[in-house]
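Sequences listed follow chains A and B, in order. Numbered according to the working numbering, the first sequence spans residues 1 to 276. Numbered according to the working numbering, the second sequence spans residues 1 to 276.
Since the hints were made in silico from the structure, they are not lab data. Keep in mind that this is a model prediction, so the values were computed, not measured. Warning: the hint list may mix true and false statements.
Given that identical chains are not distinguished, each listed pair holds provided it fits within a single copy or across any two copies.
Keeping only pairs whose Cα atoms sit at most 20 Å apart, straight-line, the calculated SDA-like set for lysine to any residue is [what the hints assert, rightly or not]:
#1 K112 - E91
#2 K173 - T162
#3 K173 - H163
#4 K173 - K244
#5 K25 - R236
There are 2 protein chains.
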Amino acid sequence: MTKVLPAEQAIGVFDSGVGGLTVLKAMRELMPAEDLLYLGDTARLPYGTKSPRSILNYAGQAAAHLQRRQIKLLVVACNTASAVALEHLRESLAPLPVIGVVEPGAIAAVSKNPAGRHLVLATEATVSLGAYGNAIRGLDASAKVSELACELLVALAEEGWTHGSVAESIIQKYLEPQLGLPAAERPQSLILGCTHFPLLRDAIVAVAGTDVAIVDSARTTAAAVEGFMADRQLARAQHDGSVKLLATDGARRFARVGGAFLETSLSANDIELVDL
Amino acid sequence: MTKVLPAEQAIGVFDSGVGGLTVLKAMRELMPAEDLLYLGDTARLPYGTKSPRSILNYAGQAAAHLQRRQIKLLVVACNTASAVALEHLRESLAPLPVIGVVEPGAIAAVSKNPAGRHLVLATEATVSLGAYGNAIRGLDASAKVSELACELLVALAEEGWTHGSVAESIIQKYLEPQLGLPAAERPQSLILGCTHFPLLRDAIVAVAGTDVAIVDSARTTAAAVEGFMADRQLARAQHDGSVKLLATDGARRFARVGGAFLETSLSANDIELVDL
């Protein structure tokens with residue numbers, strides 16, 4: 001294998017499935033010169049209902065595969081894997097830098113609403129680990145954080161029912177207990193703590209109203225990656241960046257659902273299947 | 001290991017997760033004298049979005065594990081695994097008898113509505129394989145069969161939102177194109193071709209009306225198992241049957257969601273974790 005200069009290497013992006021494509025899309029918009037190498041571990045999705053032991057194991061295998069393909073930075077574009085496996089991946093992949101989605105989201109929430117009330121919408125696993133709560137309180141001891149598991153929103157995004165009355169009625173049922181609180185207790189920011197949820201942003205705003213700040217962890221993570229690469233002089237300039245998509249199973253489904261996530265048309269031939 | 005007489009051995013029941021518990025529950029009600037050994041492959045659920053190659057591999061490992069524990073019959077209580085892997089399992093486990101959920105459902109639908117119009121509600125994988133369509137047309141060449149992937153209903157059942165307006169609005173959105181047809185084209189039977197869907201039976205009836213026959217593959221499979229065991233003199237009498245639950249991951253979640261499926265209270269200690 002020929003040695004490629006660090007700045008010319010791709011950025012690896014890893015997720016349990018197609019959800020991380022919302023992060024890939026935000027990165028592509030912000031950093032069009034970068035080559036992006038995405039791996040969706042579709043054979044073992046969803047991580048959100050798996051045990052920490054399995055998630056550590058799966059994330060380690062996926063990250064090692066991307067590292068073997070020479071990447072300059074790894075983005076863990078999966079909230080569950082970021083919550084469970086980030087420290088473990090940083091240790092095992094060092095000196096490769098690893099950026100997760102939880103910390104950028106927590107920083108954005110705290111900057112928008114210092115000493116504020118935050119509601120994190122996430123999968124069961126992310127909620128049960130309290131990762132956003134810990135990250136936010138670590139940055140702002142006065143912050144109040146609630147976390148809410150919204151498993152159905154994942155299926156809703158994958159079905160493509162991202163707008164309209166069905167989406168809004170599901171979101172309403174999840175948010176009702178919080179939105180019905182007195183104004184002084186109601187959340188001031190909603191953190192989209194699952195990579196699928198940015199697709200539901202419009203429906204969430206329709207239910208929650210415009211007084212609540214929406215923190216989209218796809219966009220905040222893309223911005224964190226851009227800042228990190230500028231600091232380390234890893235950014236690539238004057239290049240027509242590419243996107244390469246890998247999956248561990250189901251290329252046809254990946255193309256269909258992933259195409260909707262990326263707002264582009266994909267065929268199964270655009271997806272390379274890999275064994276981990 | 002002491003040799004146990006065939007009739008005194010347990011019936012093995014295998015599913016990708018908790019959905020097959022609807023089949024287990026129907027079997028328990030019909031055959032209270034039998035010992036039931038259930039294995040949910042929760043580490044790798046859902047099978048519904050996986051490729052046939054992975055499903056064959058996973059189902060083979062799960063079935064082999066149950067066979068090693070001395071069972072007299074294997075029930076594949078997962079529509080996707082039945083559609084993909086039944087023949088393969090019958091060959092590799094012979095002479096152990098193997099019963100899936102697709103054929104009993106197809107037989108029940110055809111008996112209720114000969115030369116009828118059937119609509120199968122299932123996961124993407126079951127639909128894409130056309131397993132129910134093939135089984136029904138094999139029994140009744142005049143039958144008309146449509147199959148509809150309803151992935152969101154799986155998440156709905158697992159969230160426990162089985163009744164009320166949100167469940168009905170989701171079911172309405174899926175069924176609208178079929179229910180809106182002229183009476184002479186409208187389906188006469190709805191086949192619940194995913195083991196999660198019997199939990200949504202009331203909501204489905206509320207949307208579809210009482211003119212449409214509901215074929216519940218959990219109940220039809222339990223009846224098929226009872227008939228098979230009587231034929232082969234494998235049934236057990238005068239015994240206080242037991243239920244043993246195995247899972248490959250996430251005992252706490254299995255206990256919480258599975259308890260709701262079985263309408264009983266389970267704790268993580270009731271679930272034995274196994275490695276396949």
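Outcome of the hint check:
no., hint, in the structure
1, K112 - E91, "neither (31 Å within a copy, 61 Å between copies)"
2, K173 - T162, "both (16 Å within a copy, 13 Å between copies)"
3, K173 - H163, "both (15 Å within a copy, 13 Å between copies)"
4, K173 - K244, "neither (38 Å within a copy, 35 Å between copies)"
5, K25 - R236, "within (17 Å within a copy, 59 Å between copies)"
The earlier numbered hints that this structure contradicts are 1 and 4.
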